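A.B. asks: Quick mapping for you: the protein sequence lines, in order, are chains A and B.
Under the numbering used here, the first residue of the first sequence carries the number 90, and numbering increases by one thereafter.
Under the numbering used here, the first residue of the second sequence carries the number 18, and numbering increases by one thereafter.
Accuracy of the hints is not assured; some may be wrong.
20 Å max Cα-Cα, derived DMTMM-like pairs, lysine to aspartate or glutamate [unchecked claim]:
1) B:62 with A:443
2) A:126 with B:110
3) B:92 with B:127
These are computed hints drawn from the structure, not numbers from a lab.
Values in this document were obtained by computation on a predicted structure and should not be read as measured data.
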Amino acid sequence: MERRRTPLWDAHKQLGARLIDFGGWDMPVSYPAGTIKEHQACRTAVGLFDVSHMGEAYIRGANAREQVERLTTNAVASAPVGKAVYTLLCRPDAGVIDDCIFYKRSDTEFFVILNASNRMKDVDWFREHVQGGCDVVDVSDETALIAVQGPKAVAMVDALGDGTMAGMPSFTFKDTTVAGIEVMAARTGYTGEDGFELACANVDAAALWAALHAAALPLGGLAVGLGARDSLRLESKLPLYGNDLDDDHTPLEAGLGWAVKLDGREFFGAPRLREQKATGITRQLVGFTIDAATRAIARHGYAVVDKSVSDTPIGVVTSGGPGISVQGSIGLAYVPTSHAKAGTTLTIDCRGKEIAATVVAGKFYKRS
Amino acid sequence: MSFPTDLKYTQDHEWLRAQGANWRVGITQFAVDQLGDITLIDLPKEGDLVTKGQRFGTIESVKSVSDLYAPVSGKVVAINTGLKDAPESVNTEPYGKGWMIEIEPTEKVELDELLAPDAYTAHVAAQ
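For reference, chain B alone in the conformation it holds in the complex (with noise of 0.2 Å):
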């Protein structure tokens, strides 16, 4: 399985990509494969703070339920309210249309600890 080679990734099988000062997150392919048709996914807030490693939201497939963590800890400066009515643009487009929150971060030294490409496609050989 291969990866956009121009965006970070965590250990949870979650996406980043710079948007300016701020990062957008998603979840992987990986991810999306795991789960199945996803419908119904809970996202937090404008302006809410969200920590690394903390659960900021949920995403329901038909099968189960699995918690979204924080990639790094900063505010919540935007949510992809088209889920809310479409959530299988996670399915369809993990990487475009199915984009989750996008995170001001507060702890710049957190971004160095972000997957590059080739880390992440490693950790999701070894699953």
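Extracted from the complex, chain A is given alone in its bound form (with noise of 0.2 Å):
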């Protein structure tokens, strides 16, 4: 099948970048800087991503609030105008449908950004749900988005934008233009640094990213491509929907009981996840570290073994890979909760070989 390609496919091809198939689009994996350099550019200076294979829908209808409300983990309904919320989407048994960003732009009008693998799922799902004639409106296929990360991207963008850009509060967003561009700007991102995400017409993206490219090259930044992010969004201990978050584990497990607001409130999942938190979780999603000096990767899918405990594995390696601006190697892991406290050892299984690993609290990285 035709992999699918976003508006800035002629950039890419442009740049160099090696294209790989990921879910079906036709997507940069690195540019010819590669991954390491590329990560080290939104850490030091700004990083472009082109994640316009995302999805985006309107949840729009004059009782959009109260729909909206029951559909997400987090008070995304209840939130100002102008705000972005994290949030899950949970099935009844609070297994988890999909993480996404949800924007309030009004009480009768939401727009969210969901991962691309999930875009059809989610908008079924929520299609399924809504009641009373609220409207979900998939515009996936006419917005491209493209994020702009790291300590010199706000000022950069600042300056193609309106000029007031840099007073925006994390996880705000506002229509504004950028390059002339009409956008939908939001102080949010994906790699632990700070930065914009700019949604925008397809028609409109790759004048977007042109202007965006030709501003970051003189600040020593480059165009990132999906390697470099996962490592930038695993060094900030960020969930990757597949990988991290699934319909097997809660959000409770998954360490992201900040984003299921239960007080009051009911959604999908409610009743289930109250009482998990009532009677308590048995395994739960930790970070932990390889030393340097180990020289072993643990990756996605590697078992976390006990023999003291089990014969068969106690754990699952969800993510891994090298640390970039970290020492060793770095990864997220499901334990029973017997092995989640930090600086317990963790043994994993790397391909026949056993190496010690052990369990860290909060990010690998932390911007200074």
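Each chain sits in its own coordinate frame; assemble them with the hints.
C.D. replies: Here's what the structure looks like:
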């Protein structure tokens, strides 16, 4: 099957990107600079990311606020207008359908950005569950999304923008223009750095990218592929749906209790989450590091073992890779709560070798 | 994509260079491009025996881990210890400082099965 292309495909080709199949999309995994340099450019200057493969939808209607309230684990509906809110979408058994960010435009209009691989599933789920004439409008095919991230991102975008964007608080958004192009600009990201995510019409995407790229290069910025997008998000312990989140694990097990607001609210999964909160979880997602001297990387799917407990694996690595801005290698794993305390030594079966890893609390990388 | 004409190749994207009676082994530019930035390389010890087609080591990039397969059977007579601290040499100089091991072949007939540069170029073009 023909891979889908974002409106920036020609720009990626011109930059010499290596394109791979990513969920049916022909996406840049890296550019000639390579994943490590792209990662470092985002940590020290600015990185540009084409994330136009992600899904976008509106939920609109006189009762949109009540409907969104039922769909989201976090307090999206009651948020102030102009706020962006990270939330989970849960099944009744509290398995995670997707993680996403809602943007409250008014009590009658919410915008949402969805994981590319879940777009159809999410939109179908919204449509199945909204009531009372609420519209779910999937605008993914008309909408491009460019993330601009890094310590120099905010000033750079604001210089191309309306001159007030630097004053926007984290997790807010507004409609404005950047390089003369109409965008919805959100002070959000998936790298652990400050920056913006800019949504625009497909037809404007190439011009916006060109303006951003021209501004980024003199600052030491680079276009960044999916390889570094993954290493950046992992260092900041941001979960990836399909790896660290799925419908077999609840948000509480994934350590996302902060995005689950149960007080006085009813939403899909709330009864089960209340029960789980009362009885306590038995397994949880933890971060781990492997000492640089061990020279090993524990990757997605590797087993966590403890022969003193069981001959079968006690847990599984959900994401892992080399640290680029941090020493050694890093990863996330679901383990029994008995093994989840910071400082606990985990044993991970790395392709037949038993490797010691240490559970660590918090992010692997914290920006200064 | 073109490849050095003084080397032999395998279908697994390794190159071999004759060093007297021994053969130095590395991976090709094509393999390097597929892997991206290389971060860790696990090699055998000097004196280990390797068997053609069997795993002799692993190579990890940011995104993936891949096996290294012995191109010929024999004894490992040298390893590139420089890769321990500078695995990126494989990215920058895959046919030079990025070499991995040297093998003293025990099955000379296996050398005849290696690909000549033009055959390897055709193999890559078909990928």
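A.B. asks: Indicate, hint by hint, whether the structure satisfies it.
C.D. replies: So, going through the hints one by one against the coordinates:
Our distance criterion of 20 Å between C-alpha atoms is met by residue 62 of chain B and residue 443 of chain A, whose separation comes to about 19 Å. A C-alpha spacing of about 17 Å is found between residue 126 of chain A and residue 110 of chain B, which places the hinted pair at or below 20 Å, so the restraint holds. Restraint check for residue 92 of chain B and residue 127 of chain B: the C-alpha separation of about 14 Å stays at or below 20 Å, so the hint holds.
Figure legend: structure checked against the earlier numbered hints; every hint is met.
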